[in-house]
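Undergrad: Sequence:
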Amino acid sequence: MKEPRKYWLVKHGLDSLTALPRWIWRTGKKKGERPRSFGSVRKGDRWIGFAYADSDSRERRLSLVTGFYECVREACYRRIPEKGLKITGNTKNAWMIEGSPLGWQPDGPVAIPPIEQIMGRKTFRQSALIEVSKKEFAAIVREAKMRQLKPSKIPLLGRNPRNEQEVLALVVAGREKLGIEKFVRIRTGFPDTLVKLKGRSSLVHLELELYSKSFLTHGHAAAVKKGGGFADADYPGCPVGVLCWVKDIADKDLKKQGKVAKVFELQELLRDSLPIKWRR
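Just so you know, the sequence shown maps onto residues 1 to 280 in my numbering.
No lab work stands behind these hints, which were simulated from the structure alone. Every value quoted in this text rests on a predicted model; they were computed, and no experiment measured them. Any given hint could turn out to be false.
[Said to hold, decoys possible] Label pairs and their computed distance ranges (CB to CB):
# : residue 1 : residue 2 : range
1 : E116      : A173      : 26 to 36 angstroms
2 : V172      : S133      : 41 to 51 angstroms
3 : T188      : N93       : 46 to 56 angstroms
4 : A231      : E82       : 56 to 66 angstroms
5 : K83       : L157      : 19 to 29 angstroms
6 : H218      : A250      : 10 to 20 angstroms
7 : V172      : K83       : 27 to 37 angstroms
8 : K83       : A250      : 33 to 43 angstroms
9 : R121      : Y235      : 55 to 65 angstroms
[As the list claims (entries may be wrong)] SDA-like cross-link-like pairs, simulated, lysine to any residue; straight-line CA separation at most 25 angstroms:
#  : residue 1 : residue 2
10 : K150      : A173
11 : K86       : G103
12 : K145      : A53
13 : K150      : Q165
14 : K153      : G199
15 : K225      : L274
16 : K255      : R61
17 : K134      : G39
18 : K153      : F124
19 : K43       : E136
20 : K43       : K86
21 : K177      : R187
22 : K255      : F124
23 : K226      : R187
24 : K29       : K145
25 : K182      : A53
26 : K86       : K182
27 : K86       : G28
28 : K177      : A261
29 : K86       : T18
30 : K255      : N163
31 : K145      : E116
32 : K252      : A173
33 : K145      : P21
34 : K252      : L274
Glycine included, C-beta positions come from ideal geometry on N, C-alpha and C.
Whenever a hint applies, use it, and build me the whole structure from the sequences.
TA: Here it is in structure tokens:
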């Protein structure tokens, strides 16, 4: 009897997935040394290309989905396709598994919430191949579809930001589209920015985060008063909002625990060409 189809999460470096998106490959093994996990992937199995983008020391690494594939050729030792040679240097051959694109494909890497949060379980962090259930596979596809954003819509960078500084850079570059009339203050301390939004008479603080939950892990809630205000000697009473790249906690939970007034997902605003609207 044919074995049931398996589903995999394939963790590679972003450079590897960009150069050879439909291949699972590994160098450092000789022809007679097939990587043990490679023998588990069979024709018809499906996988998700997944990479982490490096962040700064206090941020979680950004989770990126690069594509979806179905195995068409099982593991074999062969010459690396030309596009992959620039990554491997002098290495010409590798153990490789070939796939073909499966259904919908993102235009570029898609930033999603932490993978363990989506799956609801821990994964083996050092493993390049992680078996997932059909249900987990579908959940990750849904997240990627929902958060798909064309790179051309990301101001200045043309890719996902990897730390708060890059979030700030693209917010400044895209301020008109985001409905920011004026930056009154930008600083390294909390809150990051004080802005004047179009259509709003009073100023608001916007704390920038890669993941929305980082507002809590960074300890900012202690500085926010009940009701969402911030004790600022120069600008007293201005409310605090979170502008994050990826929402990874429910708005209501962040508002309750962080005492913030508003939460905005930056990639959602850019994808749908929406300004920041601060309604009561």
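Undergrad: Now, for every hint given, state plainly whether the structure supports it.
TA: Consistency of the hints with the structure:
no., hint, verdict
1, E116 <-> A173: 26 to 36 angstroms, "holds, 32 angstroms"
2, V172 <-> S133: 41 to 51 angstroms, "holds, 42 angstroms"
3, T188 <-> N93: 46 to 56 angstroms, "holds, 48 angstroms"
4, A231 <-> E82: 56 to 66 angstroms, "holds, 60 angstroms"
5, K83 <-> L157: 19 to 29 angstroms, "holds, 23 angstroms"
6, H218 <-> A250: 10 to 20 angstroms, "holds, 18 angstroms"
7, V172 <-> K83: 27 to 37 angstroms, "holds, 35 angstroms"
8, K83 <-> A250: 33 to 43 angstroms, "holds, 41 angstroms"
9, R121 <-> Y235: 55 to 65 angstroms, "violated, 44 angstroms"
10, K150 <-> A173, "holds, 17 angstroms"
11, K86 <-> G103, "violated, 29 angstroms"
12, K145 <-> A53, "holds, 19 angstroms"
13, K150 <-> Q165, "holds, 21 angstroms"
14, K153 <-> G199, "holds, 24 angstroms"
15, K225 <-> L274, "violated, 29 angstroms"
16, K255 <-> R61, "holds, 24 angstroms"
17, K134 <-> G39, "holds, 20 angstroms"
18, K153 <-> F124, "violated, 34 angstroms"
19, K43 <-> E136, "holds, 20 angstroms"
20, K43 <-> K86, "violated, 28 angstroms"
21, K177 <-> R187, "holds, 22 angstroms"
22, K255 <-> F124, "violated, 32 angstroms"
23, K226 <-> R187, "holds, 23 angstroms"
24, K29 <-> K145, "violated, 36 angstroms"
25, K182 <-> A53, "violated, 31 angstroms"
26, K86 <-> K182, "violated, 44 angstroms"
27, K86 <-> G28, "holds, 16 angstroms"
28, K177 <-> A261, "holds, 22 angstroms"
29, K86 <-> T18, "holds, 12 angstroms"
30, K255 <-> N163, "holds, 22 angstroms"
31, K145 <-> E116, "holds, 18 angstroms"
32, K252 <-> A173, "violated, 29 angstroms"
33, K145 <-> P21, "holds, 18 angstroms"
34, K252 <-> L274, "holds, 21 angstroms"
Hints 9, 11, 15, 18, 20, 22, 24, 25, 26 and 32, counting from the list given before, are not met by this structure.
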